[in-house]
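Enquirer: If you read the sequences in order, they're chains V and C.
Counting in UniProt numbering, the first sequence runs from 1 upward without gaps.
Counting in UniProt numbering, the second sequence runs from 1 upward without gaps.
Any given hint could be a false lead.
[To be verified] Result set (DSSO-like, lysine-lysine): computed pairs, CA atoms no more than 27 angstroms apart in a straight line:
(1) V/LYS127 <-> C/LYS159
(2) C/LYS216 <-> V/LYS27
(3) V/LYS425 <-> V/LYS391
(4) C/LYS216 <-> V/LYS425
(5) V/LYS354 <-> V/LYS391
(6) V/LYS439 <-> V/LYS425
(7) V/LYS410 <-> V/LYS425
(8) V/LYS410 <-> V/LYS439
(9) V/LYS439 <-> V/LYS329
[Stated by the list, open to error] Okay, the calculated bits of chain C under chain V, using three or more residues with CB under 8 angstroms as the criterion:
(10) 165-172
(11) 175-182
(12) 186-192
(13) 209-220
(14) 232-246
What the hints contain is simulated information worked out from the structure, not anything from laboratory work.
What you are looking at is a predicted structure, and each value in this text was computed from that prediction instead of being measured.
Cβ coordinates follow ideal geometry from the N, Cα and C atoms, glycine included.
Here is how the chains run, residue by residue.
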Amino acid sequence: MTTDEAGAVVAAGVKAVDWGWRHASRKDFALRHVDFEIRPGERVLLLGASGAGKSTLMAGLAGVLGGDDEGEQEGSLRIDGIDSRAARGRSGLVMQDPDAQTILERAGDDTAFGCENLGLGRDVIWKRVRESLDVVGLGYMRTDHSTRRLSGGQRQRLALAGVLAMHPGLLLLDEPTANLDPEGVQEVHDAVRQVLEQGHETLVVVEHHIDVWLDLVDRVIVLGRPNDDSYEGGVIADGTPEEVFSVMGDVLAEGGAWVPGREIASHAPTRSGHGRDVVLYADDLSFGRSFPLGEHINVRFHAGEVAALTGRNGVGKSTLALTLAGLLKPIAGHVRVADSMMPARRENDPFTWKSRDLLGRIGMVFQEPEHQFVASNVRDEVAIGPKSMGKSDEETYAIADGMLERMNLKRFAPANPFTLSGGEKRRLSVASMLAAAPKVIIMDEPTFGQDFTTWTEMVELIASARDAGSAVIMVTHDETLIKTLDARRIVVSEEE
Amino acid sequence: MTETIGVVPHKERHDEPRATSPSWFIAKLNPVSRFIGAMLLCVPMFLSLDVVSASTALLIDFALLWIGGVNPLMVLRRTWMVWIAAVGSFVSVTLYGTASGAILFRFGLMAVSEGSLYAGAATFLRVAAIAVPGVIFALGLDPTDLADGLVQILHLPSKFVYGGLAGMRMVTLLQDDWRALGLSRRSRGLGDGSAIRRVFMQAFSLLVVSIRRGTKLATAMEARGFGGDAPRSQARTSRLHGVDWLFYLICMAIPAVALLLAYRTGYWHWSFRN
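Isolated chain C (complex conformation):
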């Protein structure tokens, strides 16, 4: 009689196509547009450092994203890192920024004045207004579609783009490698002692393993005719549609409205002047 060890049956692996964005609107866009849109949206916001333009932009962002299918709560959940960064900049600008107006609090080098408190708040809002839409746009982005767009729309060299794309696939493999390397070190009696030294040694091994993986991948790609001098064709089309242009318009309108409002209300404050 054969011995058996029973294991939990495989759940049927459903391989449903992944949503390319939590927003139905952004999902319709060419991936390249998400980058262009994010640039249009955030670059003008660097011009002024005030509370009005940043909070206006942020409010419009939230409203439009809600219409686009991402409710404010989900936006907050997906962008928690941005808020941490924003709080960090608020604290440092408030404590160490140039003092002006009445001093509210002083402790050694730290001085909280009305001016620095205002500058801190403005910075907080600005960091959020610049980074939140960018993070939401990037969610679910399909790397292959992005590569197609970079090559076909922005005309970046295809060898470079697709080489990089294939390399990105290796990241998952390297995560498994890293885990196996750690376990094998423990099994060989090398798992004790200084963690820093261990990580360093293990990182070196990972480097060796990754170079070997990369070489194999490069050969496989070359064997399929990649890297030749002949022109490469495209199996997939990447094009800009009306909806992309609409998106660009929206992305230009938001900072325009926000900055105009700041100017009209007198809150405008050039970022690059004291």
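Only chain V is shown next, with the shape it has when bound in the complex:
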């Protein structure tokens, strides 16, 4: 079983022999001919470009890939000699999206959920719940604490606690910190370290930001395409971090990993933003949804300048961004634009404008790209802006195709936006906003959960929009992004 006589968790071993998986709707195997062995207690960082099959392998290890109707399996994937699909409870998976992993209303019940599914006795369950909450640093929380108002970091730690309470010998973390602010990343990292110090579980973690986990892992496995002429993924490197990074550094960086110690090219503006025209400004603005989050705010944004709104989670940065974008009504005061940007016969208050007036003036990229998609294919998605601005079909599609080319999305033109990968969706959401050529570009966390490749593309896009004379306002926690663009930093913080 999962615990020895003293009650400690026994680490699990993993063995993949010629393992492969093909999703029922795909022609090619996502992964094929995968061979590796992970000894009990090893801590593995799993790397690979987006689409290399990392999440497929994690789902396979967690036994949630599904049955024969969902895909075809080859070879074997065993945990302690048991087929992973039958080894329920032997592995515990924490995934990327903090919202998707809270199952029940009260923290204690949520933690107990997995134990109930394993059919454990009541006393054992509550003992484990308390131990697990303790180890992830949520021991201070009452077990009836509501899960509604948790931060992302707390949510991910709660998910970790729920998994730990099942006493899995194998801990699977699939980009658990990708959607978190730096504070949340640290919380989750520390919780996992605490877990490993106490339980010595086997660990497999997927993460683009290698340095987050580097101090906890002793082995790196890289997935990729062993043959250039085939789309099938497999293991392309396996060894200690030093070995793998010295040999594979370039390949990994190209595949999107943040390889430690790499230089990032600067995209600082060539001349300073001083003396440039003000295009958008807040005039004694109070913003908020039902009650004011911030009051009497005066701030100016200039053409050709990138301004970064930073600050702790939950202080209202996104709400401020939506207000500046003319999407939320100011509680008091005004958001105003330069006279040259004013639509005809409108007041200088973007919130009162028609939706169409915003096109070409103020564009907003939302945190969740999926909230933005409206068309059934990528090309039409990008065409919506120019079309609504009254351009001819010919002109519209010329703009759309040019934008797709620039964003490296051309081959997806006929695809449905929802079928794209995370990074591609992000690029598409930016492309469709830029197609309307707004003078003010507002972005909410443009680099959340991005791998290095998409991140670099995003930086280049922002820099080129800036150099073309747009004002860029971005809400971000990403210090590297701010430094690389040498952005003007505006800290949103609580008043004393």
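Keeping the supplied structure of chain V fixed, place chain C upon it in accordance with the hints.
Expert: Same frame as chain V, but now just chain C:
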């Protein structure tokens, strides 16, 4: 020097346990009992259509709820929707019900007679008597506790119940999604024009987003061993106590007294006969 934008400090977020009912008595009950009680209370009331039984039941309801910690004013405030429905049925029965007795008022198809006025009043009281206690019972009901009761007491399949429970949690997320979808459409120049068409398109997007959310949630649940063939245990106990049985007795007594009174006073009128 870094620029700052000052925001109002977070108020200390007090996360006090929510009261599961405005009534101290109902709060003690198993959530399942609230349903059973409501059924016991309202089903017999369908038997007779008269003013006496309904008004008696309603009076007893109000009195007992007051003893139970919910004063009449609060009952009225929390059940305003019921009263609107009751007035609606009063108006339609009065105007369009079968005429009998002296005609008091006539306008086209509408005829207000003594009989239809009486039937309207009886219907008004009955709708209130049936729905008011049910609404008050349901206030503050904790979904998790209800799910536990459904599985452990009524023996409904746990996969079904807990799957539904987890799905309900998504409703809050979908409300946020709906708002974001609307804002993003405005930002993309699609916010003008026919509101009906816009809502329809946006609802379709919400459907897509909700399916994706549901899939993720299902995977998270499966990863924690949900949906397996092994028997599931229960971290929480859901049991019926003496107070639940007392509650059932009260819920049976109210319609019994009310209907008996109607019968004895001669007001009894079979609902399912003209």
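Enquirer: Return the numbers of the hints above that this structure violates; sort them in rising order.
Expert: The structure conflicts with no hint, since it agrees with every one listed earlier.
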